[in-house]
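Asker: Sequence:
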Amino acid sequence: MNLFKKLTIVTSIAAASFCGYAQAQDFQWKEAKSNGYTYKYVTNDPTSARYYKLKNGLTVILSATNKEPRIQTYIATKAGSKTDPASNTGLAHYLEHMLFKGTDKFGSKDWAKEKPLLDKVDALYEKYNQTKDEAKRKEIYKEIDKVSGEAANYAIANEYDKMMAGMGADGTNAFTSFEQTVYVEDIPANAVDKFLAVQSERFRAPVLRLFHTELEAVYEEKNRSLDDDTDKVYDKMFETLFPNNNYGKQTTIGTIEHLKNPSLKAIREYYNNYYVPNNMGVIMSGDFNPDEMIAKIDKAFSYMKSKTVPPYVVGQEKPIASPVIKEVVGPNPESVMMGFRFPGATTKDARLLTLVGNMLTNGQAGLIDLDLVKKQKLLAAYAFPYVLKDYSVLLLQGRPTEGQSLDEVKNLLLQEIEKLRKGEFSDDLIQSIVNNEKKNIIQKDEKYSSRASILMDEFTSDIDHKASLEYLEEISKLTKKDIMDFASKYLQNNNYVAIYKKKGEDKSIVKVDKPTITPVSVNREDQSPFLKKVDEMPENTISPVWLNFDKDIAKSKIKSVDILSVKNTDNDLFRMYYYFDSGKWNNKMLPLAAEYLQYLGTKNKSSEAISKEFYKLASSFNISAGNEETYITLEGLNENFDKTADLFEDLIKNCVADQKALDSYKARLKKARANAKQNKGIIMSGLRSYAQYGSQNPFNNVLTDAELDALKAEDLINILHDLFNFKHKILHYGPKSANEVSSSLALIHKVPATLKEMPKSKTFTQVPTDKNKVLFANYDMVQAEVFWVRNADNYNPNLSPTISLFNNYFGGGMGSIVFQTIRESKALAYSTYAYFGQPNKKEDKNMIMAYVGTQADKLNESTTAMNELLTTLPKSEQLFETAKSGLRKTIAAERITQDGIIFSYLAAQKLGLDYDRRKSVYEQSPKLSFADINTFHDNEMKGKNFTYCIVAAQDKVKDEDLLKLGELKKLSLTEIYGY
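For the sequence shown, our numbering assigns the number 6 to the initial residue and increments by one for each residue that follows.
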């Protein structure tokens, strides 16, 4: 269950503006009645969203679209960390975790015997919380552990997850934020009855079983946040911006003191107060009939009784009269975050804040984009609105280049704010933003999942859907003076908070110590009568749809360049790719040239002018140079297809060397490379690459410091000018046919008589995992991150059905063997998984990967637990059948569409296939038995060697423990990174 932070540049207010192209559409709330139910809707709303209010107060929002036979569902409660009791912070988040544990009807094999033990656990926790003497507390906790273990003998762990997996659900999850707790499922359209049966029961009378092991998972989540400098910066920002409001007084995970003293009584009280129908919403978008759906939802949730929700008092903040500067210390690179306070989500000013965020940062032509990023004054910089109910915030962040102070970073950001106040921005910037919002609206409307997400955010934030739809028209009427007045009102030189993230040791960190927990039973073979009842519910069959590459992809040519095209019949968007079957392994300067291009102009146009022109067209380009593939992506509105292509081709063919831009780029690159050595996630990526390929590997296949110093502008310019002389393909998804694409590009994309092969300067081969090894990297952190890596045998397409089923059973989700054992039973990790991976190319080897993120003092227990699973595959026929059924249902309801068809074709080609590889998995998996996947496990994992990649603090782990795992090699950062 991920802790969710709504940190998007385009907030739900802007993204939800689904209006069409006309500037003056009439949006009005109307009321209608159908199938006996009254609902409200907004005229001219392309989502056709219906808003129902059931008799008990439950809000239901339905947006039907039949593009795919799936439904995105959210069950949302308007409660989160800001409504936590001050004496029990983190409680909403606890509760979110516990709502996966079941009720008296599911999750238990014998409720009559389980209940008295759970009541005893309740009483013990209350006693534990009231006891201050540490010795007595330890004795009480031993009793909690003992009784919890006895109660667990009657619990069926992860039965909720098994039911959802069995019906083919994807993305089973939940999240808690300041003012929302949301439960997420993506279900096949034929599973609605089963889904509603499970959800109505889930919220009827949740039971807080398996609490002490789940609480340990929350402890792990807290410790992970203590290791995350980004989390600490956000917490400090909100603490400082909101000293009187719960946004700043309470964090979502809660304080360590409250985590160590949980009250099940308080959790139940919270549930009874806030999980009431008049405070909840069911939001769905996908393939359904809304008349039928509302009747089913009403029937499922009519038992809920309306109840007055405790009043929430908004903590009022005084204006900030002078800058408030705070510091956060940690191992990550230095940065500055600035925050300005704004009114809440339902106000017009919150909507204008979204516009101002886009004026500062939109990825192409915002003030920060052009002045600080394009001109390379900072290593990175951006701004974005964080819109919440009580207040909103404009956040700006910047990272210094080499030698820059954090004060200088702050002042550069303030200069961009000053330009808003003074009106020092392009006259057509607002209209360009309007044009791009139109495109973004179409993009959001393409996916049922996006629709549901936006409607859900509107619900929990109390945003009027009509106001969202009117956003485009509202901002299109604004003048430069309006923006200047708005900025002058809210964005002064003295009314902000700045958080300086400095590098160093954070001596204030106090981790949540692990209690002694005896592993509990998960009772894999047991099933509740409720689960059996749900499984037996009838459902219509969804037939799978396989790709037929010959029929689904149209082909054309420009001379020797193949064009692969899929027609867009839904809207006016296009995406086009120049695809090269070559990359960094061919020329390790290619990624540098690709990035250098964004700082270049031509003889006739500056780099800034080109960015503005792309943005005016509501188009963009991006170059991604991977190890063995390079994509140049152009996207935008079809009406501007020719102009977009012509603008890019002119840039790449006629870009001129800019030594000053290169000098700045090299300086920033050196700083970025130094910063990368301070990022634990990147360090782990380097260890995994080392484990797969050896000391010389794709990760450290980069320019040395000396090579970077010697790099000349002409070297990169020549790569760019010559790029289209090498073999490539054109991939297209859009309203044009393949032949129309060919005709349009014939005059723009000049193809030489003969295209060259790009020579490969480097080839990397996976090394045999011939003995157990430990690759260790030191990093100052509370946690320990462990990856198991093994290079297995060569690719064999015939194994795909077995591998897919094995992964679903073994380590692919919250109902899997790995998750059940390591997290649910033994409480050793917040995050853990394992899988057998097939390669992207037929010449490469399969790979086994397993992961545990745990506390450093649990390293031995965690590695032992995973190794036991890699040695012996636990057997559960019930879980196996669930994995098999869920796999087939997921595939049957999956639709690969748009440019995904082309990418599937290219992926199949690399594997030597000419067909949709999902078909064999769907057809062969029913024939497989548990014995088949057990044999596969024994052949591929049991008794095999692994390379353990471990990132942890040197002083928190012992060499003697690491040596028990295998031959120990401590890698320096230079060995990992190659510079």
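Check each hint, because a few of them may be wrong.
With a straight-line cut-off of 20 Å between C-alpha atoms, the simulated EDC-like cross-links for lysine to aspartate or glutamate are [stated by the list, open to error]:
(1) 516 with 139
(2) 241 with 262
(3) 494 with 296
(4) 72 with 577
(5) 671 with 376
(6) 665 with 600
(7) 676 with 618
(8) 974 with 960
(9) 379 with 322
(10) 961 with 945
(11) 443 with 577
(12) 658 with 710
(13) 932 with 886
(14) 353 with 31
(15) 114 with 600
(16) 572 with 745
(17) 537 with 798
(18) 593 with 762
(19) 382 with 600
(20) 915 with 745
(21) 45 with 354
(22) 685 with 980
(23) 301 with 139
(24) 648 with 577
(25) 471 with 354
(26) 38 with 297
(27) 353 with 429
Pair by pair, the computed Cβ-Cβ distance ranges are [unchecked claim]:
(28) 574 with 127: 53 to 61 Å
(29) 717 with 929: 35 to 43 Å
(30) 964 with 266: 47 to 55 Å
(31) 609 with 574: 33 to 41 Å
(32) 842 with 567: 53 to 61 Å
(33) 553 with 742: 13 to 21 Å
(34) 679 with 966: 37 to 45 Å
(35) 127 with 905: 48 to 56 Å
(36) 127 with 262: 14 to 22 Å
(37) 416 with 714: 27 to 35 Å
I should point out that these hints are in silico values taken from the structure, not numbers from a laboratory. It should be emphasised that the depicted structure is a prediction, and the values quoted were computed from it without experimental measurement. Built from N, CA and C at the ideal position, the CB exists for glycine as well.
Asker: Now look at each hint and say whether the structure bears it out.
Answerer: Hint check results:
no.	hint	verdict
1	516 with 139	holds (17 Å)
2	241 with 262	holds (18 Å)
3	494 with 296	violated (47 Å)
4	72 with 577	holds (16 Å)
5	671 with 376	holds (18 Å)
6	665 with 600	holds (15 Å)
7	676 with 618	violated (30 Å)
8	974 with 960	holds (16 Å)
9	379 with 322	violated (37 Å)
10	961 with 945	violated (32 Å)
11	443 with 577	holds (11 Å)
12	658 with 710	violated (29 Å)
13	932 with 886	holds (12 Å)
14	353 with 31	holds (18 Å)
15	114 with 600	violated (59 Å)
16	572 with 745	holds (11 Å)
17	537 with 798	violated (40 Å)
18	593 with 762	holds (16 Å)
19	382 with 600	holds (16 Å)
20	915 with 745	violated (28 Å)
21	45 with 354	violated (26 Å)
22	685 with 980	holds (15 Å)
23	301 with 139	violated (52 Å)
24	648 with 577	holds (15 Å)
25	471 with 354	holds (16 Å)
26	38 with 297	holds (13 Å)
27	353 with 429	violated (23 Å)
28	574 with 127: 53 to 61 Å	holds (58 Å)
29	717 with 929: 35 to 43 Å	violated (55 Å)
30	964 with 266: 47 to 55 Å	violated (36 Å)
31	609 with 574: 33 to 41 Å	holds (38 Å)
32	842 with 567: 53 to 61 Å	violated (29 Å)
33	553 with 742: 13 to 21 Å	holds (18 Å)
34	679 with 966: 37 to 45 Å	violated (31 Å)
35	127 with 905: 48 to 56 Å	holds (50 Å)
36	127 with 262: 14 to 22 Å	holds (20 Å)
37	416 with 714: 27 to 35 Å	holds (30 Å)
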